[in-house]
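Asks: If you use mature numbering (1 follows the signal peptide of the UniProt record, and there is no 0), the sequence shown corresponds to residues -23 to -1, 1 to 322, in order.
Derived by calculation from the structure, the hints in this document are not laboratory data.
A portion of the hints provided could be inaccurate.
Straight line, CA to CA, 20 Å or less: simulated SDA-like cross-link-like pairs of lysine to any residue [what the hints assert, rightly or not]: (1) LYS120 - ASP100; (2) LYS213 - PHE203; (3) LYS120 - ASP84; (4) LYS120 - PHE203; (5) LYS260 - ASP230; (6) LYS120 - HIS97; (7) LYS120 - ALA178; (8) LYS120 - ASP106; (9) LYS260 - GLY287; (10) LYS102 - ASP84; (11) LYS120 - ARG144; (12) LYS120 - ARG149; (13) LYS89 - ASP121; (14) LYS213 - SER233; (15) LYS213 - HIS263; (16) LYS265 - ARG209; (17) LYS213 - HIS264; (18) LYS102 - ALA128; (19) LYS213 - ARG184; (20) LYS89 - ALA115; (21) LYS89 - THR147; (22) LYS102 - ALA115; (23) LYS213 - LEU231; (24) LYS213 - VAL182; (25) LYS213 - ALA178; (26) LYS260 - ALA227; (27) LYS102 - GLY142; (28) LYS89 - ASP131; (29) LYS265 - LEU231; (30) LYS120 - GLN150; (31) LYS120 - GLY91; (32) LYS89 - GLN150; (33) LYS89 - ALA118; (34) LYS265 - ASP230; (35) LYS89 - PHE111; (36) LYS120 - ARG181; (37) LYS120 - GLY174; (38) LYS213 - PRO232; (39) LYS260 - ASP289; (40) LYS260 - SER233.
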Amino acid sequence: MYAGTATASVAAAALLGAGTFLMSNTGAPVTDATAAGHTVTVARSVTAGHTAPSTGGGIRTAGAPAPARTRDPLVISHRGASAYAPENTLAAVDRADALGFDWVENDVQLTKDGVLVVIHDTDLKRTTDAEAVFPGRAPWAVKDFTAAEIARLDAGSWFGAQYTGARVPTLRQYLERIGHNRQNLLLEIKSPEIYPGIERATLRVLRQEGWLDSSHVRDRLVIQSFGANSLRTVHKERPDVVTGLLGTPAVADLPSYAEFTDEINPSYTSASGTYVAAVHALKGPHHKRLRVNVWTVNNRAHALRVAGYGVDGIISNAPDVVRKATAIRAAVGAREAVGARRAVR
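Just need the whole structure built from these sequences, with the hints factored in.
Replies: Right under this line is the structure:
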């Protein structure tokens, strides 16, 4: 299902000194300044697709959980490459593309006049100049502003002067840009309890923009949310669409979620190898093993830790940092596996 992510080669890992890297991988979280040097674009590789429309209900198990893998997980750019450009803007999408990342994550909410916009917070204060442009409109909630009003706001200067004038994109504008870049989308329906009908509105825009055809649904789109009922609605409306539940449900409750969701996506701080194995032991509505994508991992040490759990994907503000760490880990694992096979002979 997940088509494409940029990875480093085994040869590149050897040149980087993989063993030394792994032993010293306890750095502090990446900041804008420390991440700035990681801007090398590498070739993308395409992985096989998956998913077919659901043909029945019920819970299916995937057999014994596989051991933690040494291959590198899929790396997903959180709100675009948001360590390097203002989150959820087109600039962040383009930066992720320049770094070689196919998958980007975003957040959608509804304006007062029913337009879907791409922004994380339910208010406009942190990432725009709404307080200055619209004084007296506290608490500056997204739902209290029209799309035209939000389009007036500067969504970039808070991050850096070079991004002054960046705007909060509509979902249509966002889809146009990632379509132009041939990127894929992990779309979060944000705070659905605030926005009745946001699921159908989101599906309508996705359909109108060509994102619900067979190729996009099969390989290029996942819809996620913290709201289980929201995902149930999406699954009911479009059972072919891949969905992901954000959070860490109790293991005992996982079978009930597997009826309508294909992924369980927890915070990296709440994940463990045991939990990942429990998720992987189940199959979702598309008869595929449930996947696990953890968030939000921004440094080498944490990337290596969750990769060791056997996660399928890692969501990151600094995806290049995670890619480097996990690719080297995969290279070392592959080298060790070759050595073990030779020893057996």
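Asks: Hint numbers the structure violates, sorted upward?
Replies: The structure conflicts with no hint, since it agrees with every one listed earlier.
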